[in-house]
Amino acid sequence: MTNLITRPNTGLDAAGSPDGFTRTESKELARLQNNEVTHGLVVATRVQSAALVAAASLQATAMLSREAAFQADGDPAAMNRLNHIVDQFATFAGAAVARFGL
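According to the numbering used here, the sequence shown holds residues -1 to 100 in order.
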């Protein structure tokens, strides 16, 4: 694998092109390797971002649910209304994670 940014004083041989490659083939190989590295970085960042959004959403949903139970204070009708709000928030948070398209 080659560096994404090559140093000006290094030739293509330092990039690790196989013997018998022409200069054009070596450049193409380096370009394709850089594309793969870049793609990997983007995918890894998407996965990490989705995990962060999922964790924050779970925490916020749990806090909202706990606050709903506290505010209802044992009233079943109030608890039903508040649970609906919590459910809608959980659905919204799930949609936010789904937008990452993993």
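One should not assume that every hint holds.
[As the list claims (entries may be wrong)] Per label pair, the in silico range of CB-to-CB distance:
(1) Gln86 / Leu30: 45 to 55 Å
(2) Gln57 / His82: 38 to 48 Å
(3) Gln86 / Glu34: 54 to 64 Å
(4) Ala94 / Gly38: 23 to 33 Å
(5) His82 / Arg44: 28 to 38 Å
Everything labelled a hint here was simulated from the structure, so no lab data went into it.
Even for Gly, the Cβ is constructed at its ideal location relative to N, Cα and C.
We went through each hint and held it up to the structure:
A C-beta distance of roughly 46 Å is found between Gln86 and Leu30, which places it inside the suggested range of 45 to 55 Å. Between Gln57 and His82 the Cβ separation comes to about 20 Å, which falls outside the hinted range of 38 to 48 Å. The beta-carbon spacing between Gln86 and Glu34, approximately 41 Å, falls outside the hinted interval of 54 to 64 Å. Separation of Ala94 from Gly38 is about 24 Å and conforms to the stated range, judged on CB atoms against 23 to 33 Å.
Checked against the given bound of 28 to 38 Å, the beta carbons of His82 and Arg44, roughly 32 Å apart, stay inside it.
Figure legend: structure checked against the earlier numbered hints; hints not met, in rising order: 2, 3.
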